[in-house]
Amino acid sequence: MASSLEPITKRTTPATKARNPRLRHIGKLLIRDKFLYVLALPGLLYFLIFKYVPMWGIIISFQNYSPYQGVMASPWVGLEHFQRFFSNPDFFMLFRNTLAINTLSLIFFFPLPILLSLMLNEVRQQAYRKIVQSIVYLPHFLSWVIIVGITFILFSTGDGAVNQMLVSLGFEKIDFLTNKHYFWAMLTAQSIWKDAGWGTIIFLAAMAGIDPQLYEAAKIDGAGRFRQMWNVTLPGIRSVIVILLILRMGHIMDVGFEQVFLMMNGAVSEVADVFDTYVYRLGVKQGQFSYSTAVGLFKSMVGLILVIGTNKLAKKFGEEGVY
Amino acid sequence: MKKTSSLLLAVTLLVSLLLSACSAGSKSGSEGSEGAAKPLEVSIMTMYYTPEPPGPDNVVVKEFEKRSNTKLNITWVSPNNYGDKVNVTLASGDIPDLILLDDPFNAQVRGMVAQGAFWDLTPYLQDYPNLMQYPKESWENTKQADGKNYGIPRPRPTDGGGFTYLRKDWLDKLKLDIPKTTDEFYEVLKAFVERDPDGNGKKDTIGYIGFVDQNGMSNFGQLQNSFTQVNGEWKLIDGQLVNVNLLPEVRDCLVWLNEAYAEKLIPEDFAVLKNTQSKDLLKSNRGGGFQDTVEAAWEPTEELRKTIPEADFLPLVSLNGYSNKDSGFFGMFAIPKTVSEDKMKQLLKLMDYGASPEGSDLASFGFKDVHYTEENGIKLATPQAQKDIVAQQALGQIFLKYDPYLRAYRTGMPLDVLERNKKIIDEKAKISIGDPAIGLYSETSTLVGTELRKKIQDMKTKVIMGKEPISAWDEYVEKLKVDPDLLKITEEMNQSYQNKHAKGE
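In the order they appear, the protein sequences are chains A and B. Taking this note's numbering, the leading residue of the first sequence gets 1, the next gets one more, and so forth. Taking this note's numbering, the leading residue of the second sequence gets 1, the next gets one more, and so forth.
In isolation and in its complexed conformation, chain B is listed as follows (with noise of 0.2 Å):
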């Protein structure tokens, strides 16, 4: 009898094992789609930015659906794996009506829209207003190998992004003018060096927080490409696209940082620092310069005025006459072939409404007095926007009208600053220049691209560094010239090129 009851018992462990194991995954959903006859049903998969999602029930959700007589059935997923999420929905095909591809371009999305997976909404755009006040860029640069266009974009604006800020106090203390070559920003930041600017009497500051990964140039990519003058790897030269890293102009700035280093301007530890500690720095007084958009120059500034009143980071609009365009997107939305054409249409007015200043302020604001209080045309977000998850984080982030001043205003920014920065965007969008190579793949550069450019940066490193010397950069330039990878490379970024401007015209 003994053994029974531990038989019994041996068994009943290894069924309760095995049944706990199991339940962990047999929770199947079942919150159907049921919805009145009358609303169009339609199914979003996006991300959400805020710490929990929006519900089905959520106030504005419902407000929305009423206004634009849908029922909304959205699946908010983490921007942490929305890329894994976005392949396995692809694959299983069952997609929902309106999906947001965060990368356009990867190779799934490319097999697929080669596949005709996805409407051309193309011939449809310009009957939907609103959707066509994005801006152009955003529209050319969604467009994908056969130059049409497949999805609506996640509008971004396109200048304000990631360039040069400098410290304006120090300028005016130093009585230096803000520097437009790179020449002269790097008087200025020997100035910021050597003149002791915050006056402690010790020789302590860095003229610019800079720092790079093993990916690239990182945090010196805009005075790489000042040097350059053009936004990334690639520049057009003659109708042809030239690897920026083979031209001299690559090599100026590699002299120029190394001198930097030499000299101290730069962090000595350059090659490990990470984002955090760099604005640390910052904050604590010490450093000169940084390069972040033009709203997070805000960051460090708001942390120095604690204790020093006049401090302030002025975000350039240009170095060597150039400034930085960005892409202009973030993602698109989709619609696949699923869907009736009838149906496409009515999601892409549901859109188009979304991009309307009414959908776009309730979708990312919500009610006034509730979720907003208006002061000076700045809408600052309650305590009870936070509590209904009302945010732009949120569902502002299917619904948004273009709004070319996004990189401006920072919470708890003062109106003289967000004026200043709407100005310098102005002057940025009057010169800004793009990166030509947008959308365009190489099949070679996914299999050998990372490991090719790993090896560039680090050759870069060194040579920054003075542990290799410059002659070794030009060596290595004369091999890269004739690397088989690279030219493969550029040859077919330069199909692609022309793939997609030849019909998209």
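Next comes chain A alone, as it looks inside the complex (with noise of 0.2 Å):
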């Protein structure tokens, strides 16, 4: 290795360094942190063969792509596959349900984290916090199906078990799972339900990086409980949720495909109908993947404007914004 090394301190003789600063001062970084950079290849790989690559596939949003054709051979169409989605009376249907869902998600969804762990940060007690602390986040790892199956035990008209308390106590029963005034509503409590005790995990962790010494300045300035979380634990974890904010936005053309999937039923259709299951009829059952490729692209150009849009908004706000 020594003798490797040799060349390298040569090179760095001022008389060479007149030649382009900048590209030898990279060099010099490279050369440096070679293990760094032998480490992170696995990773640089991954996103390049498994994320980059793959996105040459997008061209066949503007072809009409035939499995057997490839996607050198197969015909160029353009952009006729976007004018038939812009122009299908069902795009505003879609595009309302699928931004009503991830609006109400934003709304109410997104600060219950925020509440949630502000709340267990002000437990004292460590045994009883740990305990809530997984309680919450068990239910994240059901999947939707179960939670859906859930919903039904609870929520069916026929033997539902909310439907049969209703009625004994002499009310009407409610078609919670058939009505679509209710569709919304139901998706959003359970996406509360089953992730919110999840979310807190990267607040509490935000949290406990404050320095303790601000509450303590806090304290003895005089601030109750109140005080020190309004003036203490939120500025310490605002640039986490700004971030966390950002990130939301790129999805918010994306509902949870399982969720709407498993929910979704005749008469509900019309609300609960996103481009994701869309996407799932078109492309997956009846193997329109041109057509569904260019859905799925328009979905990603409206989620990459508004990250670019957030972040342009937390920056002028003082942020740090994710890039």
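In short, the hints are calculated from the structure, not lab data. Check each hint, because a few of them may be wrong.
[Stated by the list, open to error] Taking lysine-lysine and the DSS-like style, the derived pairs with C-alpha atoms no more than 25 Å apart in a straight line are:
(1) B:K454 - A:K180
(2) B:K455 - B:K488
(3) B:K264 - A:K173
Both chains come to you apart, so use the hints to assemble them.
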């Protein structure tokens, strides 16, 4: 190793320095941290092979792709699929449903883990806090199939527990599962039940990183619990909240496919159908690869624009942003 | 020196990672087909329904090879991804001598048939008497667009498919006759709900456990068919195929169902109910009726008889004089043109032997007293059969004779139920009506058909639940009648129907 290092030290002599200082600087860093780069290589390859290379597949949204002709030989149709998609009378419905479900989740779901972690953070009894924390995490590990199953057991009109209770209390039955006015609320409630606890992990970690001296100083200044929460804890995790919000915006066109797919039925389809279920039906079940790729591309574009937009906005308000 | 070793470590880690990633894919099959010189070598691709497929040294496969003087090289594929496997195999061009095409009418098969990739078997078939025993429908319905047979159907019974069945013991208890029309059927369901047939003093029974999914009427399908008098979406009226949804009969059916829903004769949750949940309701003595194949009616009966010995689900023969006829096939075995004419004939002979009583029994049941015992003409599989993977669900899927009563028997069924089922199947066969649109092709339908069907079904679901009035259905039908997509689909279906029947006769 010593011998291989020699040429490098030689090259760093002032004589060669003048040639291209920036490139040389990068080269120097590369050589200095070569082990780190070697370690990063598998990760880089992973992203290159599994994330960047497949992006060329987007090309099929401009073709009439047939798996037997392949990407190279399939006929080029330009923007035909996009035209078909945007002129489809269902486009508006899909767009509305996707946006509505996500907006509801943004308003009701997103703040909840913050609230929950603030509350957990205030629990001083460690054992109790750990137990509560574990319990609220748990539903995250249940699959949607199980959660939708539980929902059916609780809320179905015929034998559902909630409706049985309503009837025995003298109320009318409520068609939770087949009423289009309740559908979005049901979805949001399910998401909250499943993932609110899981969402606290990052916030709790951020809170753990806040300097305890700040709390002490606040106490000395006479701040109570709520005052500390408002003036120390929340500002301490603000940048984390903003980053998560920006990332969340990127997924504004994604709705958990499984959840909607499993909850959807004929009576609520007009409020339940979203881009993901549409792509599943046309792309996976009917093999219209090009068309569904076009729909997917549209979704990603909207997500990208929102991420860039929110990031800019965040920077304007003096936050760091994701990049 | 320390640096060297850490570099080495990093490189080793990386390399081993890459190697382990590659090695998973590099295990290539080395099982070539060598076989003796004399027996005919045959490669087959098919699916299996047993937990594991039979191996190449399976005793029955060996015996079958001996008797037919062949060397079988069978690729067993799970039914879960059979369609994909077929597509890939066809696309690769390396097609086995006999390939089971699970859907003989998908776009790719159509294309390849049109290009002449498979042998037209029509002129040869009459020389194979056992194959000719397959019902007329099986051959008729597997005809391709030009009206010719490019494959040997995997035969399925034409009668006994999913239809309504009812609690006979409840009918007897309430002194009701077996319903013959949908009106009588309604009255029966009403009595099932209101007159406490299970005698527990509570009004907790549901007349008919029906449900729909988003693709169609699902478990109400045969009820709708009883109104439209045809099996499926298309009805032949004056020589023209018409989409049944445009007919007033479907409207009548929706009115019927809407009333049934309001009176709680069908489950309140029919829009979200799934098959297993429905069966649970039947098995827990809550439901009076269901839709399934003739022999499947035994499944809830068997469960119920553990506590209620007189429990009995009776498969109905017909409603409104309508009974359903199935297509008579589930996939077909095609022979690629790469096979010589001589070998093609030998392959037909092999399949013909498989369709003979001897060949079929061997493939499905194995050796007597080893793999099965016979009692009252019913063959009962022994545990050895399971061990050796001898089953109708495996080798019996390639080599089988036509059995019209395949949908009559299920393990554990008593003889009187079996005999009754056979009679029901005979009765059904006399009047049953099939689907005129089997194997017809509409390009527009492949593009927009599923979405259209879903929209129609969504509307139906809402009308049945009373979320939309029946007038909304009328308006919707008026819109459908001028819907450009449906008009185009109808035109293409009729064109396809003409092509198939003009040249086929």
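These are the hints, each one checked on the structure:
Between K454 (chain B) and K180 (chain A) the alpha-carbon distance is near 17 Å, which keeps this suggested pair within the 25 Å criterion. Between K455 (chain B) and K488 (chain B), the direct Cα distance comes to roughly 17 Å. Compliance with the 25 Å bound is thereby established for this hinted pair. Distance hint between K264 (chain B) and K173 (chain A) is fulfilled; the C-alpha atoms sit about 13 Å from each other, no more than 25 Å.
Taken one by one, the earlier hints all hold for this structure without exception.
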